[in-house]
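Peer 1: First to last, the protein sequences are chains A and B.
Using the working numbering, the first residue of the first sequence is number 15, and each one after it goes up by one.
Using the working numbering, the first residue of the second sequence is number 218, and each one after it goes up by one.
Certain hints may be false.
Said to hold, decoys possible - Label pairs and their in silico Cβ distance ranges: (1) D71(A) <-> G275(B): 22 to 32 Å; (2) R52(A) <-> D235(B): 48 to 58 Å; (3) G56(A) <-> P307(B): 54 to 64 Å; (4) P307(B) <-> T248(A): 36 to 46 Å; (5) T251(B) <-> E96(A): 31 to 41 Å; (6) E297(B) <-> S68(A): 28 to 38 Å; (7) D235(B) <-> T24(A): 54 to 64 Å.
Stated by the list, open to error - Some chain B residues well away from chain A (every beta-carbon gap over 12 Å; in silico): (8) N222; (9) R253; (10) C266; (11) E287; (12) Q347; (13) L364.
FYI, nobody ran anything at the bench for these hints, they're computed from the structure.
All figures in this text were calculated on a predicted structure; none of them were measured in a lab.
Glycine included, each C-beta is placed from N, C-alpha and C at the ideal position.
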Amino acid sequence: MRPFTYLRPTSLDQMMTALADPDASAALLAGGTDLIVRLRRGHVRPAMVVDTKSVRDLNGDIIAIDGGLRFGARVTMTALVEDARVRDRFEALVEAASVVGSVQIRNRATLAGNVCNASPAADTVPALLVYGARVNVVGPAGARVVRLAEFFTGPGRTVLTRGELVASIDLPFPTTAAGASFGRVTRRRGVDLATINLCGLITSDGEARFAFGAVGPTPFLRIDRTGALAAGATDAVARDAALRTMCGAARPITDVRGSREYRAAMLAVMTGRAWKVAESRLRGRMGTRPA
Amino acid sequence: MSTANVPVRMQVNGRSLDLEIPPQHTLLDVLRDTVRLTGTKECCSEGECGACTVLVNGQAVCSCLVLGVEMDGQQITTIEGLASEGRLDPLQEAFVSTGAVQCGFCIPGMIMAARALLSAKPKPTRAEVQEALVGNLCRCGGYSRILDAVLLVADSHR
C-alpha cells in the first residue's frame, strides 16, 4: 500500500477542513471494507486518509426521529441487522444488509459507506430507495438534505462536492401498512457482489415502489400508482404488464458476473418474486385472505 | 506532508502494546510483522477468504481490511490468544479430534470466526454455523469436518 497521512479529527469542522483542502486529496475512512481494498490495488491514491471514528457527530447510533429512524454515519451492517426497530419496520433493508459480504465484512462495513461508494450493485441501496431514504449531508457551505433517489450521478459518483460528507441517513416509517421484499442473484451464496439486486414495496393504498441495482449506471427507483400491483390484485395480465414496465427501464451490461441478456431475464423473474413476497407480507399485516 | 508513524496503544491477547505504526500498514501487517504473531494468515488481502480473521472487541473482522492505526484503544484477540494456561480452546480441541485440519492455512481464521459465533451464541444451529463461516474459504475443501468440529463444541453446550 502506498504511504499516506492518517488523520483522526475529533470534530466535524476539523474533518471538513481536511476534506476541503484541495492539496490533500483526502479519502474518508469509515468501515474501510471498500477503501482499503482500493488503496491496496492503487485504485485510489490519497495523500491523506481521514478517519471518521473520533468525530462525535458521526456516530454509530440508530435513533428515533419524528416519523422514522436516523442512521448515524458509522452504523454498521451488523448493528442495523440486530436493531429490533429496524427489523420491525424495515424488513427489506434487514434482508439486504444481511447478505452484504460476510460476518467479518458486516461487522465493519457501514450503511453510509455502502451509499457513498455509489456502487451500482450496492445491496442496501434498492431497499433504502423504496423506503424513501434521505441523506443528511454536511459540508463547508452548511448542511443539506438530499433524497437518495437524487444522490447518485453515475458509477462511483454522487452529488457530494469537495469537503462534503454524509452525517446520517433518515428513513421515514411507511405511512400506511406496507410489505417489502429484497432479492438478489449472485454467483455464490456468500461474499459476492450482486449480479442483480432489487427491492419491492407495496402499500395498503395500492402504491408499488421498486428499485433495481446492478442493471444500470446507478440504482434507480420506479413507482406505480395505477393499483395494478396492489395487494390482492387479481388481474394477472395487468400485473405482469406493470411489473414489466417497472423493470423495463433497466439497462444492464455484460460483465464478469453475467451477460446483459441473463441480467434482463433474471430481473423479470426476481421482480415477480419480490412482488409476491411483498404482497403476501402486506396481506398478512392487513389480515386479509389471499385473492 | 508527513506520512509519519502514528502512536497506537492496543491490547493484543490481553497484553497492552504501545506501537508506532505506519498508516498504510493493516492490522494484519502489524500483527504478523511488528508484533510477530504469525498465526493469523494473509491470503487474498481483500476480505474474500477470511484467513486473516481476528477478533476486535469480540467481533470477527478481516484484519487485512483494517488499518493498524484504527486500532488505538481496541482489544484484539488472535489465534495465539485462545489457549489459556497451557490448555487449548475447546474449538481447537474439536478441530484436532474431528480431523478438520488438512493443510491448515485457513484454520486460524476458521477458528476465530467460529469463536466469535460461539461466544455470542453458544448453541447455534448447523445453518447458523454455515452462515458464520460464509466468509472463510478452505481450499482443501474440508468444510464438512470443519462444520462437524464447530457443532461438536456447540453440542457440548446443549
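Peer 1: Look at each hint and say if it fits the structure.
Peer 2: Right, here's what the structure says about each hint:
1. At roughly 26 Å, the beta-carbon separation of D71(A) and G275(B) lies within the given 22 to 32 Å, and the hint holds.
2. Evaluation of the 48 to 58 Å hint for R52(A) and D235(B) yields a failure: the beta carbon distance comes to about 30 Å.
3. Between G56(A) and P307(B), the C-beta spacing of about 43 Å breaks the proposed range 54 to 64 Å.
4. At about 57 Å, the beta-carbon gap between P307(B) and T248(A) misses the expected band of 36 to 46 Å.
5. Checked against the hint of 31 to 41 Å, the C-beta distance between T251(B) and E96(A) comes to roughly 33 Å, which is consistent with it.
6. Here the CB-CB span from E297(B) to S68(A) is close to 29 Å, well matched to the stated 28 to 38 Å.
7. For the hinted restraint 54 to 64 Å between D235(B) and T24(A), the CB-CB distance of approximately 21 Å leaves it violated.
8. Distance check on N222(B): its Cβ comes as close as 10 Å (rounded) to a Cβ of chain A, failing to clear the 12 Å threshold; non-interface status is violated.
9. Annotated as non-interface, R253(B) keeps its C-beta farther than 12 Å from every C-beta of chain A; the closest such distance is 20 Å.
10. Not every CB of chain A is more than 12 Å from the CB of C266(B) (nearest about 8 Å), against its label as outside the interface.
11. For E287(B), the condition that its CB be more than 12 Å from all CB atoms of chain A is violated, with the nearest at approximately 6 Å.
12. Listed as a non-interface residue, Q347(B) fails to keep its Cβ farther than 12 Å from every Cβ of chain A; the least gap is roughly 9 Å.
13. In this structure L364(B) is separated from chain A by more than 12 Å, as the shortest Cβ-Cβ distance comes to about 14 Å.
Violated hints for the displayed structure, listed by number in ascending order: 2, 3, 4, 7, 8, 10, 11 and 12.
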